[in-house]
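Just so you know, we're using this note's numbering here: the sequence shown kicks off at 1 and counts up by one.
Don't take each hint at face value.
Dumping the calculated DSS-like pairs for lysine-lysine here, alpha-carbon to alpha-carbon at most 27 Å [said to hold, decoys possible]: (1) Lys-69 x Lys-172; (2) Lys-74 x Lys-317; (3) Lys-316 x Lys-291; (4) Lys-172 x Lys-74; (5) Lys-316 x Lys-305; (6) Lys-316 x Lys-143; (7) Lys-74 x Lys-96; (8) Lys-74 x Lys-301; (9) Lys-143 x Lys-173; (10) Lys-75 x Lys-183; (11) Lys-75 x Lys-291; (12) Lys-143 x Lys-69; (13) Lys-74 x Lys-291; (14) Lys-173 x Lys-291; (15) Lys-317 x Lys-75; (16) Lys-172 x Lys-291; (17) Lys-96 x Lys-48; (18) Lys-317 x Lys-291; (19) Lys-317 x Lys-301; (20) Lys-148 x Lys-301; (21) Lys-301 x Lys-364.
Label pairs and their in silico Cβ distance ranges [what the hints assert, rightly or not]: (22) Leu-462 x Ala-43: 10 to 20 Å; (23) Leu-462 x Leu-372: 31 to 41 Å; (24) Thr-357 x Lys-74: 12 to 22 Å; (25) Thr-392 x Ala-451: 38 to 48 Å; (26) Arg-440 x Ala-58: 47 to 57 Å.
Rather than coming from a laboratory, the hints here were simulated on the basis of the structure.
For clarity, every value in this text was computed on a predicted model and none was experimentally measured.
Don't be surprised by glycine CBs; every beta carbon is placed ideally from N, CA and C.
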Amino acid sequence: MDLKSIAYVVFAAIVAIAYYPAGRFQYGQRIVLLCANLFFILAASGVKSLLIIAACVAISYLAGLLIEKNLERKKTARRIFWLDVILSLAILCYFKFFRDSFEAVRLFFSHRGISISTLVSPIGISYFTLTMIAYANDIYHRKHPAEKNFLNYFVFITYFPSILEGPVNLYKKTAPQFQRIHKPNADQIIMGMQRSLWGYFKKVVIADRIGILVLGILGDETTVGFTLFWAMVLYSFQIYADFSGGIDVIMGISEVLDIRLAENFRAPLVSRSVTEYWQRWHMSLGEFMEKYLYYPIVLNKSVMKFSRKIPNAYLKKVFSATLASIIVFVLVGIWHGTGWNYVVYGCYQAFFVSTATLLGPWYKSLRTKLHLSDSSISWRLFQTLRTFLILTFGRFFIRAGYLGQAFDLLRRVFQFRPGQVHVLFDGSLTAFGLDGANIRLMYFGILLMIAVDILHEHKVRLRETLMKQDIVFRYAVYLLAVFSIIIFGIYGPEFSSASFIYQGF
Numbered sequence: 001m002d003l004k005s006i007a008y009v010v011f012a013a014i015v016a017i018a019y020y021p022a023g024r025f026q027y028g029q030r031i032v033l034l035c036a037n038l039f040f041i042l043a044a045s046g047v048k049s050l051l052i053i054a055a056c057v058a059i060s061y062l063a064g065l066l067i068e069k070n071l072e073r074k075k076t077a078r079r080i081f082w083l084d085v086i087l088s089l090a091i092l093c094y095f096k097f098f099r100d101s102f103e104a105v106r107l108f109f110s111h112r113g114i115s116i117s118t119l120v121s122p123i124g125i126s127y128f129t130l131t132m133i134a135y136a137n138d139i140y141h142r143k144h145p146a147e148k149n150f151l152n153y154f155v156f157i158t159y160f161p162s163i164l165e166g167p168v169n170l171y172k173k174t175a176p177q178f179q180r181i182h183k184p185n186a187d188q189i190i191m192g193m194q195r196s197l198w199g200y201f202k203k204v205v206i207a208d209r210i211g212i213l214v215l216g217i218l219g220d221e222t223t224v225g226f227t228l229f230w231a232m233v234l235y236s237f238q239i240y241a242d243f244s245g246g247i248d249v250i251m252g253i254s255e256v257l258d259i260r261l262a263e264n265f266r267a268p269l270v271s272r273s274v275t276e277y278w279q280r281w282h283m284s285l286g287e288f289m290e291k292y293l294y295y296p297i298v299l300n301k302s303v304m305k306f307s308r309k310i311p312n313a314y315l316k317k318v319f320s321a322t323l324a325s326i327i328v329f330v331l332v333g334i335w336h337g338t339g340w341n342y343v344v345y346g347c348y349q350a351f352f353v354s355t356a357t358l359l360g361p362w363y364k365s366l367r368t369k370l371h372l373s374d375s376s377i378s379w380r381l382f383q384t385l386r387t388f389l390i391l392t393f394g395r396f397f398i399r400a401g402y403l404g405q406a407f408d409l410l411r412r413v414f415q416f417r418p419g420q421v422h423v424l425f426d427g428s429l430t431a432f433g434l435d436g437a438n439i440r441l442m443y444f445g446i447l448l449m450i451a452v453d454i455l456h457e458h459k460v461r462l463r464e465t466l467m468k469q470d471i472v473f474r475y476a477v478y479l480l481a482v483f484s485i486i487i488f489g490i491y492g493p494e495f496s497s498a499s500f501i502y503q504g505f
């Protein structure tokens, strides 16, 4: 069952209809969510996946209880905590990195008459593993008590809207909401549906349409220069429309159920530096990395002791932060996928973030000498375009199937030929899977998405504004959105609506 499927929409609607009447009973809404979570996991990935997830949740739940029980015996609590973390990471690494190797071993033995069961990768393991590690960490550091009720913890970890592609939920912020009885609120339900509609529009009208053109261009190995570069520019918009669209669907469904999850995006397209971009993109992952990896490295006694030995005063000051940034972004790259291309992607991001830290004073001095003001519109626009281009070139590494292919794409993109920019206007792009009308619709969707982000950045709350309009206007907008998704998001035989990209991570 996929987020974009009609089956998922019907399923979510049935859950919402059953959810509020169940609030008449103490555990009614939690039972509805439990059943929904179990059904969704079964439908999406089968019984084996459900059993693996249940085992992971049970181990995490028991570890939390044992950590809390032994808090006064610090060494014992620490050992349990690290055992839980190592076990969680081992399970994640097996399914993310080593399952293919195990499959080769399984086939080797099967050819010799020895049967070994195949283990299906559980859905959402990259997300719920981080949630469980954060949970154990917070208990160990006395941020909150351990959850005593297994039902509550299971519902929290397996919550069906967010298990596929996040956000990364933290127990203290999210779990208590599942234990309250929620009353229906018409405005809140409508606003949740608004957000989900916008998410589906971004996915099936914008992202999938861009994906056809990007796939067509990248699939032609004779394509070089500006055309290839433009495909990667479009891919940057595709991955944003795809991922943020999926999150909007998730957040909207959760809002219908009166569950508030952590925001994952804050207009990343207007970022003026790579550092700022990562403060606006995949914010829940960023919060996890900051709280549970970055600061522990910065404040680590050994790291601080080493930094004090550095003779240069400025380098001594920034060493810990730079080291932590490098480690964090390399791990962010690895978290996104297997292969050296993801490691290089993480190193690429780490280079720009750490360079900004190291060269910050020099950069500030240069701007002062050149009289470049942060309030200047032209300077801000330059910073935004520069950041977008840096990030676009970084995405060669995650769009490619492997590292060699990424370098081949980069080699080809620099084979510029005179007049290549004309492909934007001479109809050449129609050779790659979209006709002129669909290309124009694609550009309109991109501009609309950018405009909405800019309005949000300037504190214009479009959903709240729409709710203040008269009922005729509001429902005209809703119908327009629904029909736009149906008409422009359902394609002919040559089109294929792909799964959300970040489900693969």
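For each hint, the structure was consulted:
no.: 1; hint: Lys-69 x Lys-172; verdict: 19 Å, holds
no.: 2; hint: Lys-74 x Lys-317; verdict: 31 Å, violated
no.: 3; hint: Lys-316 x Lys-291; verdict: 22 Å, holds
no.: 4; hint: Lys-172 x Lys-74; verdict: 22 Å, holds
no.: 5; hint: Lys-316 x Lys-305; verdict: 10 Å, holds
no.: 6; hint: Lys-316 x Lys-143; verdict: 31 Å, violated
no.: 7; hint: Lys-74 x Lys-96; verdict: 32 Å, violated
no.: 8; hint: Lys-74 x Lys-301; verdict: 18 Å, holds
no.: 9; hint: Lys-143 x Lys-173; verdict: 11 Å, holds
no.: 10; hint: Lys-75 x Lys-183; verdict: 45 Å, violated
no.: 11; hint: Lys-75 x Lys-291; verdict: 22 Å, holds
no.: 12; hint: Lys-143 x Lys-69; verdict: 15 Å, holds
no.: 13; hint: Lys-74 x Lys-291; verdict: 21 Å, holds
no.: 14; hint: Lys-173 x Lys-291; verdict: 14 Å, holds
no.: 15; hint: Lys-317 x Lys-75; verdict: 32 Å, violated
no.: 16; hint: Lys-172 x Lys-291; verdict: 14 Å, holds
no.: 17; hint: Lys-96 x Lys-48; verdict: 16 Å, holds
no.: 18; hint: Lys-317 x Lys-291; verdict: 20 Å, holds
no.: 19; hint: Lys-317 x Lys-301; verdict: 15 Å, holds
no.: 20; hint: Lys-148 x Lys-301; verdict: 34 Å, violated
no.: 21; hint: Lys-301 x Lys-364; verdict: 31 Å, violated
no.: 22; hint: Leu-462 x Ala-43: 10 to 20 Å; verdict: 33 Å, violated
no.: 23; hint: Leu-462 x Leu-372: 31 to 41 Å; verdict: 33 Å, holds
no.: 24; hint: Thr-357 x Lys-74: 12 to 22 Å; verdict: 34 Å, violated
no.: 25; hint: Thr-392 x Ala-451: 38 to 48 Å; verdict: 20 Å, violated
no.: 26; hint: Arg-440 x Ala-58: 47 to 57 Å; verdict: 53 Å, holds
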